[in-house]
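A.B. asks: Residue numbers (the working numbering), protein chains in the order written: chain A, 16 to 282; chain B, 16 to 282; chain C, 16 to 282.
Worth flagging that the hints you see were computed from the coordinates, not collected in a lab. Beta carbons are placed, not taken as given, at the ideal position from N, Cα and C, and that holds for glycine. A portion of the hints provided could be inaccurate.
As the list claims (entries may be wrong) - Between beta-carbon pairs, the in silico distance windows are:
hint: 1; chain 1: C; residue 1: S218; chain 2: A; residue 2: G35; range: 26 to 36 Å
hint: 2; chain 1: C; residue 1: K241; chain 2: A; residue 2: L271; range: 21 to 31 Å
hint: 3; chain 1: C; residue 1: T89; chain 2: B; residue 2: L271; range: 51 to 61 Å
hint: 4; chain 1: A; residue 1: E32; chain 2: C; residue 2: T89; range: 35 to 45 Å
hint: 5; chain 1: B; residue 1: S57; chain 2: C; residue 2: S88; range: 22 to 32 Å
hint: 6; chain 1: A; residue 1: L90; chain 2: C; residue 2: S68; range: 34 to 44 Å
hint: 7; chain 1: B; residue 1: G217; chain 2: C; residue 2: K241; range: 29 to 39 Å
hint: 8; chain 1: A; residue 1: W36; chain 2: C; residue 2: L90; range: 24 to 34 Å
hint: 9; chain 1: A; residue 1: G35; chain 2: B; residue 2: V272; range: 40 to 50 Å
hint: 10; chain 1: C; residue 1: P268; chain 2: B; residue 2: G39; range: 48 to 58 Å
hint: 11; chain 1: C; residue 1: P259; chain 2: B; residue 2: V272; range: 26 to 36 Å
As the list claims (entries may be wrong) - Looking from chain C toward chain B, a few residues come up when the C-beta cut is under 10 Å (computed):
hint: 12; residue: F75
hint: 13; residue: H76
hint: 14; residue: S203
hint: 15; residue: R207
hint: 16; residue: K247
hint: 17; residue: A250
hint: 18; residue: S252
hint: 19; residue: L255
One-letter residues, chain by chain:
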Amino acid sequence: MPAGEYRQSSPEPNSFEEAGWVWGQIKAQARCDAEGEPALASYLYSTILSHSSLEGSLSFHLGNKLCSSTLLSTLLYDLFLNSFSTDANIRSATVADLRAARHRDPACVSFSHCLLNYKGFLACQAHRVAHKLWTQSRRPLALALQSRISDVFAVDIHPAAKIGKGILFDHATGVVVGETAVIGNNVSILHRVTLGGTGKVGSDRHPKIGDGVLIGAGATILGNIKIGEGAKIGAGSVVLIDVPPRTTAVGNPARLVGGKEQPTKHE
Amino acid sequence: MPAGEYRQSSPEPNSFEEAGWVWGQIKAQARCDAEGEPALASYLYSTILSHSSLEGSLSFHLGNKLCSSTLLSTLLYDLFLNSFSTDANIRSATVADLRAARHRDPACVSFSHCLLNYKGFLACQAHRVAHKLWTQSRRPLALALQSRISDVFAVDIHPAAKIGKGILFDHATGVVVGETAVIGNNVSILHRVTLGGTGKVGSDRHPKIGDGVLIGAGATILGNIKIGEGAKIGAGSVVLIDVPPRTTAVGNPARLVGGKEQPTKHE
Amino acid sequence: MPAGEYRQSSPEPNSFEEAGWVWGQIKAQARCDAEGEPALASYLYSTILSHSSLEGSLSFHLGNKLCSSTLLSTLLYDLFLNSFSTDANIRSATVADLRAARHRDPACVSFSHCLLNYKGFLACQAHRVAHKLWTQSRRPLALALQSRISDVFAVDIHPAAKIGKGILFDHATGVVVGETAVIGNNVSILHRVTLGGTGKVGSDRHPKIGDGVLIGAGATILGNIKIGEGAKIGAGSVVLIDVPPRTTAVGNPARLVGGKEQPTKHE
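For reference, chain A alone in the conformation it holds in the complex (with noise of 0.2 Å):
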């Protein structure tokens, strides 16, 4: 358990006091960490202790790396914070990602590290915002926030691309991820991952990830295809066939290789 956590008996997942119980194990991290390293102080409390949610504080953190000279941060804080505030999904998608990263990612050493520094999860919930307003015909809205996650993060996620909870995209460098890809829930996307195209077919052209799938480094899985609930893709792999479920998928083309049952803790 690393220094400063502050463990306490944790409500039940997905429930509404568990934004509330981990919004309060930030704070308390955000605060020991100020004390501990004067320095970071006037950070951690523009970012984190000089807010009195998750959301106002993601919404100001993301609306600083997400804004331009052109694109002002006053207007995506706005943007972010009225999609968080209005939709419990999101909300509850965002605590998930949270505890994903948390319990999946052995260098996550608090939730607070994680909602400060892995430019995956930001890039993940500004995705979901991205989302809803494209599914709201906010397109060219949706479409310039996609590229500002591409500049800024290096991660390039389509915005009608439907994403569950549970999310760990892990240094995140490189994924991309196209307009008709769906990823379950209590999936693991490590960095350089591609949930791409064949450029053979029509409209429906991007993978389908089931549940608790472990997606490797460098793995460019391309096609409507669909990749099982519980398989496991390795690193580096190309995968362009069915993947069974709980089957792990090797090489380039991809090979099956037999069935696990979980995928494991990884970094």
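Following the hints, complete the assembly by docking chains B and C onto the known chain A.
C.D. replies: Chains B and C only, in chain A's frame:
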């Protein structure tokens, strides 16, 4: 046909009128988007609607994206505008690149979408200016530009590399193109593609890519080898040998798997 | 020999005079470039010519690149300058890294080119400071720095990772180095290289890279395995086994293909 696209009879590619027609499409799309999404109105005004030409808009957008606290946006704006205004070859290449994204990438909904949001397109246009500076023996400035493009877009193209017209760098994160590489016309290059050296030989040490080639995500092409026109390189391939025209190469190390007539749409 | 390089008799590597000699070369090159390219004069003055030491110049440049609206450049400047000024090991490593780029990368035209423009070099020097903070138990600050390096340079090195001297991170986009990885001296690492974990084991879970190793673009090396000194890892390889000294490993999964005496120049 996406909503908001203004389809008129398009002039012949590469004609003088074509640039004006494309710019007219971009302004019409931006006006439509600004009306439908007030949150973007100020952004679209500053990036597109306030400019009288594609060169002005692109120079402003690139200057803002690539500037830093020590390399000012005004300096970059003047540099880009001067290069675009005085070089008809670059201008026609820019228009051909806009067409390439619009026609070959099913996720590209309009020219203005590409102009504003595609970091591969923006990196390529900035490279065209860096290349011009390189040929004018303004090498320190060309190298500074290369570095900013790599920082901001995660696309690292040596300013000496020669790149044709009608190029699509799709997604673009992680692309590396070496000093003596040559890329023909109408080439599509996905993200994470390397045109690099093997470390074994001297001055002319990078690949030559023929017209109409399609290079899949994560492909690594190394050495002074020739990829023939219309060839396709599979995702994740490691290519160390010449690939004949209209032939497909896949795998690590890549092997040839047959000939095809034309690379198809992809994403 | 590139134009503008000031070749004098160079002192012995790693001596105290060497740092002064390299800094003298950098200032002479910057003066030459500023005279030849007035558009860069202000940039070169603020980044190099106004500073009295390599440490000052590097601290200023890194502070500007890595700052954000909440993590101020002045704070980072002080942090870097303090670390460089009080740690002779970091200073000699920085000089050795400049030499590595200059000698091993044919595209590197001068020390100042590397200092100003090579994001792999800059990411590595910032990591050296993050690592020092980590060993001083200033972990929240070390992790904040890691995150900024990953945002800005797309290079994600855990601050606990141990890295030797004379390192070339060439192009650098997408590099990931895990918490318990160790990199020896005189190692060359191309872009998109991962030194990661397999997810199977506990605390000491990342690769150990021997002196003089060359790791090609896109190679993925996973687990607590040993890459022996002078080994070469082919581009795109997925390495899951120990590689003996002076041996080459290629493919996915990687196989050993023979021994060689020395990694050669590459790019």
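A.B. asks: Now look at each hint and say whether the structure bears it out.
C.D. replies: Here is what the structure says about each hint:
no.: 1; hint: C/S218 to A/G35: 26 to 36 Å; in the structure: 33 Å, holds
no.: 2; hint: C/K241 to A/L271: 21 to 31 Å; in the structure: 30 Å, holds
no.: 3; hint: C/T89 to B/L271: 51 to 61 Å; in the structure: 57 Å, holds
no.: 4; hint: A/E32 to C/T89: 35 to 45 Å; in the structure: 41 Å, holds
no.: 5; hint: B/S57 to C/S88: 22 to 32 Å; in the structure: 27 Å, holds
no.: 6; hint: A/L90 to C/S68: 34 to 44 Å; in the structure: 42 Å, holds
no.: 7; hint: B/G217 to C/K241: 29 to 39 Å; in the structure: 33 Å, holds
no.: 8; hint: A/W36 to C/L90: 24 to 34 Å; in the structure: 32 Å, holds
no.: 9; hint: A/G35 to B/V272: 40 to 50 Å; in the structure: 57 Å, violated
no.: 10; hint: C/P268 to B/G39: 48 to 58 Å; in the structure: 54 Å, holds
no.: 11; hint: C/P259 to B/V272: 26 to 36 Å; in the structure: 34 Å, holds
no.: 12; hint: F75; in the structure: 9 Å, holds
no.: 13; hint: H76; in the structure: 8 Å, holds
no.: 14; hint: S203; in the structure: 9 Å, holds
no.: 15; hint: R207; in the structure: 6 Å, holds
no.: 16; hint: K247; in the structure: 9 Å, holds
no.: 17; hint: A250; in the structure: 5 Å, holds
no.: 18; hint: S252; in the structure: 8 Å, holds
no.: 19; hint: L255; in the structure: 15 Å, violated
The structure is inconsistent with the numbered hints 9, 19, although it conforms to all the rest.
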